[in-house]
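Work the whole structure out from these sequences, hints included.
Protein chains in written order, with the working numbering: chain E, 1 to 282; chain X, 1 to 293.
Keep in mind the hints are simulated off the structure, nothing from the lab. Take the hints with a grain of salt, since some may be wrong.
[Unchecked claim] When the alpha-carbon atoms are kept at most 27 angstroms apart in a straight line, the in silico BS3-like pairs for lysine-lysine are as follows:
| no. | chain 1 | residue 1 | chain 2 | residue 2 |
| --- | --- | --- | --- | --- |
| 1 | E | Lys237 | X | Lys243 |
| 2 | E | Lys237 | E | Lys135 |
| 3 | E | Lys271 | X | Lys98 |
| 4 | E | Lys271 | X | Lys185 |
| 5 | X | Lys243 | X | Lys63 |
| 6 | X | Lys98 | X | Lys185 |
Please read these numbers as outputs of a predicted model, since none were measured by experiment.
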Amino acid sequence: MVEEEGFQRYLAHAILWIGIAIVAFPVYLAIVASTQDNAVIANGQMSLLPGGHFFETYYQTLFVGTSGSTREPVLNMMLNSLIMALLIAVGKIAISIISAYAIVYFRFPFRMAIFWIIFITLMLPVEVRIYPTYKIVADLHLLDSYAGLSLPLIASATATLLFRQFFMTVPDELLEASRIDGAGPFRFFWDTLLPLSRTNMAALFVILFILGWNQYLWPLLITTRDDMQTIQVGIRKMITTTDALTEWPVVMATALLAMLPPVFVVVVMQKLFVRGLVETEK
Amino acid sequence: MQKQSIFQSKLLPYALVAPQLAIVLIFFYWPAAQAVIQSFLLQDAFGLSTTFVWFENYLELFKDPAYFAAIVRTFAFSLAIAVSSLSFALLLAVMADKPLRGSMLYRTLLIWPYAVAPPVVGVLWVFMLHPSLGVLSRYLRAMGVDWNPLLNGDQAAALIILAAAWKQISYNFLFFLAGLQSIPKSVIEAAAIDGARPMRRFWTVIFPLLSPTIFFLLVINIVYAFFDTFGIIDTMTRGGPGKATETLVYKVYTDGLLGGNLGSSAAQSVILMVIVIVLTGIQFRFVERKVTY
Chain E
1 MVEEEGFQRY
11 LAHAILWIGI
21 AIVAFPVYLA
31 IVASTQDNAV
41 IANGQMSLLP
51 GGHFFETYYQ
61 TLFVGTSGST
71 REPVLNMMLN
81 SLIMALLIAV
91 GKIAISIISA
101 YAIVYFRFPF
111 RMAIFWIIFI
121 TLMLPVEVRI
131 YPTYKIVADL
141 HLLDSYAGLS
151 LPLIASATAT
161 LLFRQFFMTV
171 PDELLEASRI
181 DGAGPFRFFW
191 DTLLPLSRTN
201 MAALFVILFI
211 LGWNQYLWPL
221 LITTRDDMQT
231 IQVGIRKMIT
241 TTDALTEWPV
251 VMATALLAML
261 PPVFVVVVMQ
271 KLFVRGLVET
281 EK
Chain X
1 MQKQSIFQSK
11 LLPYALVAPQ
21 LAIVLIFFYW
31 PAAQAVIQSF
41 LLQDAFGLST
51 TFVWFENYLE
61 LFKDPAYFAA
71 IVRTFAFSLA
81 IAVSSLSFAL
91 LLAVMADKPL
101 RGSMLYRTLL
111 IWPYAVAPPV
121 VGVLWVFMLH
131 PSLGVLSRYL
141 RAMGVDWNPL
151 LNGDQAAALI
161 ILAAAWKQIS
171 YNFLFFLAGL
181 QSIPKSVIEA
191 AAIDGARPMR
201 RFWTVIFPLL
211 SPTIFFLLVI
221 NIVYAFFDTF
231 GIIDTMTRGG
241 PGKATETLVY
251 KVYTDGLLGG
261 NLGSSAAQSV
271 ILMVIVIVLT
281 GIQFRFVERK
291 VTY
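Next up, the structure:
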């Protein structure tokens, strides 16, 4: 171990705390702003210490919404975001794990062709094909629906590749053993493979949940009804171009509520999060 | 690579791949093909007839100075975001890699911004640096800076770059830390025994060993700057003032909203697809190399 001298160590601590302060400052400001009076903020006289409007602001944000253009309560938006994020995460894991199972544990005509068809989707994010995808979703009458919000975002190969890679490392003896026990493809999948994949599924779920919750461009395009808005879209509509009308405490409270679930997931499930992040980037 | 031990069934495997195949074909291949086809067509003003025009839509785009400016702007943004975020994250990762007390706490306190959505990042930063009510704008004005990103294009661009880089610090930090921790301690000790001071140890030993990680992150950051900045731009500047913060993705979005030229908008999408495929290709080649070494 290379010994660090005392000064070097203090310097490292100092730099890290400065870094943390820089990273945290915008969020601290949001917390402070969400507890202050809008008139004071609009004057540019905002203090850097929390004010006394905490309960008032959060009650209004969660259950009433802004008094301006969008009157949708933020709790409702959070529910929409939650449903969308869960559908994306669960849907992607479910369809990927069974298709990876077919590709690894069966031999059938066009197996590799199908694998490549799925693999290529890895390359193109939804942003580059928004309008054609929008048209298809509209033709299928899926605008303003949870299916329309989530299905196009499920169409990608990361999870399939991950499960394929993992299944390849599962020893063949396990299949032989369960076959001797008289297990067919369903029993083997359910009793052996699924329990073994639990950690991978959890890590993937954490990443997909965060990605799903944070989607913006797609929900912005396909939701027109206020009651179908996700929180990310809702917050953008709260910032009006005429500054005087923007209710900054409510906006800041919404921003904090929008980051609460994913940040909570990252901090509490840090190990799974790091694992998922590293594995989906491979 | 293939499994030796497999199941025999004629229909079951097709049933298992069917859901994913259906979704991929309907929501991926069909729209992508539509974009490619449409980029070769020209529609008249009333949308009544379409003609096949070969590469005219593409040629029009490349002749358009506004599109060319958007390309240059997007690459400039990407580079600025990548370099600023990577260097700050590397500094923090090198510090956090030292045997310090509380290093786990530091890690936790530095990685959470990954989970903040781009539009929320935009809202946080626009509030902090708002010309009339932003807390930091007060100090900037006190320092004599005429700060108004709503009117000044360069300042708006700086604001976008800062906010986008801020969000990406945590991601870069995590991968740098993992990269640093995989460098064998014996190599660093050897350099220390040879009398290399910490700064020299970093530039001559650690930095070269970290170069694969840096290259990987550079590609990831450029892709991030291309696509994930949409939410930041849309909440902060909406591409303005003028077109000072309009990136390629943002241009596809606004051109499509205006609903004018379908062929041109499709051609823009196809160009974006090609850029992503090239970037992904570079990344894959690099990953291959990392495996064989």
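Taking the hints in turn, this is what the structure says about them:
Of the supplied pair hints, the one linking E:Lys237 and X:Lys243 holds, its CA atoms being roughly 21 angstroms apart against a limit of 27 angstroms. Note on E:Lys237 and E:Lys135: the hinted pairing holds, with a Cα-Cα distance of about 23 angstroms set against a maximum of 27 angstroms. Distance check on the hinted pair: E:Lys271 and X:Lys98 sit about 20 angstroms apart at the alpha-carbon level, within 27 angstroms; holds. Among the hinted pairs, E:Lys271 with X:Lys185 is consistent with the structure: their alpha-carbon atoms are about 23 angstroms apart, no more than 27 angstroms.
Our distance criterion of 27 angstroms between C-alpha atoms is met by X:Lys243 and X:Lys63, whose separation comes to about 18 angstroms. Distance hint between X:Lys98 and X:Lys185 is fulfilled; the C-alpha atoms sit about 11 angstroms from each other, no more than 27 angstroms.
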